[in-house]
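Peer 1: Below, each chain spelled out in residue letters.
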Amino acid sequence: QKEVEQDPGPLSVPEGAIVSLNCTYSNSAFQYFMWYRQYSRKGPELLMYTYSSGNKEDGRFTAQVDKSSKYISLFIRDSQPSDSATYLCAMRASAGTYKYIFGTGTRLKVLA
Amino acid sequence: GAVVSQHPSWVICKSGTSVKIECRSLDFQATTMFWYRQFPKQSLMLMATSNEGSKATYEQGVEKDKFLINHASLTLSTLTVTSAHPEDSSFYICSARGQAKETQYFGPGTRLLVL
Chain G
1 QKEVEQDPGP LSVPEGAIVS LNCTYSNSAF QYFMWYRQYS RKGPELLMYT
51 YSSGNKEDGR FTAQVDKSSK YISLFIRDSQ PSDSATYLCA MRASAGTYKY
101 IFGTGTRLKV LA
Chain U
1001 GAVVSQHPSW VICKSGTSVK IECRSLDFQA TTMFWYRQFP KQSLMLMATS
1051 NEGSKATYEQ GVEKDKFLIN HASLTLSTLT VTSAHPEDSS FYICSARGQA
1101 KETQYFGPGT RLLVL
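Residue numbers (the numbering used here), protein chains in the order written: chain G, 1 to 112; chain U, 1001 to 1115.
Careful, some of the hints might be misleading.
Claimed, not checked - Straight-line distance between alpha carbons at most 30 Å, and here's what the computed DSBU-like set of lysine-lysine pairs gives:
1. G:K2 - U:K1055
2. U:K1014 - U:K1055
3. G:K42 - U:K1041
4. G:K99 - G:K70
5. U:K1066 - G:K2
6. U:K1041 - G:K67
7. G:K99 - U:K1041
8. G:K2 - U:K1014
9. U:K1055 - G:K67
FYI, nobody ran anything at the bench for these hints, they're computed from the structure.
Work the whole structure out from these sequences, hints included.
Peer 2: Next comes the structure, spelled out in structure tokens:
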């Protein structure tokens, strides 16, 4: 079993839809959770960063962490064609290591 | 803030040659830098972690003598692929973390093609 599971997609949605992207994990020591967006042939760009459980909102993006279920989500409201990219979840344990464990990434296509 | 650059962005070389890739943190001091490798449509695979002034820590299965990492200053780390072969062709991405930064910031990546 992988430490982090993420549906690879592709996920196709119409413009304006609400997108839900998810990751599950098995290591209860994970405390920090990140979402990155990666366009084709580019480096990942940090979108959201959360610590422990709870919600965090930034513009059209909302990140949720449910540590009891070992489940994290990224919601994108009013999706745009420019949101078409691969979305990677990443997580790490608390102090002592900054090594990230990445999901495989979900490819998202927002259709105009 | 938190800009990381990589150079070159593209490199094509002949089999057997060595290639050096630079990773720079432009607006912060990077106490730790990471080197990743990514194959098409796959996630990032961590190759090694380097702290300024000390030897890099390599992940299991990564050849230290083939992938030489030097983190000589707080803003620069280099990855040298020695005696490159076609199977080394990949997308190499670095990331950096500063003292006051909890997260890693990624460079734009370097695409290596070995003929």
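Peer 1: All hints, please: hold or fail.
Peer 2: Structure-based check of all given hints:
Distance hint between K2 (chain G) and K1055 (chain U) is fulfilled; the C-alpha atoms sit about 29 Å from each other, no more than 30 Å. For the hint pairing K1014 (chain U) with K1055 (chain U), the CA-to-CA distance comes to about 28 Å; that is within 30 Å, so the pair holds. Simply put, K42 (chain G) and K1041 (chain U) have alpha-carbon atoms about 12 Å apart, close enough for the 30 Å limit, and the pair holds. The straight-line distance between the Cα atoms of K99 (chain G) and K70 (chain G) is roughly 19 Å, inside the 30 Å bound, and the hint therefore holds.
Taking the CA atoms of K1066 (chain U) and K2 (chain G), the gap is near 27 Å; set against the 30 Å cutoff, the hint holds. Using a Cα cut-off of 30 Å, the hinted pair K1041 (chain U) and K67 (chain G) holds, with the two alpha carbons roughly 28 Å apart. Between K99 (chain G) and K1041 (chain U) the CA atoms are separated by roughly 22 Å; this keeps the pair inside 30 Å, and the hint holds. A threshold of 30 Å between alpha carbons decides the hint, and for K2 (chain G) with K1014 (chain U) the separation of about 36 Å lies outside it, so the pair is violated.
Only pairs whose Cα atoms come within 30 Å are accepted, and K1055 (chain U) paired with K67 (chain G) is rejected, the gap being roughly 35 Å.
Comparing the model with each numbered hint stated earlier shows that hints 8 and 9 do not hold.
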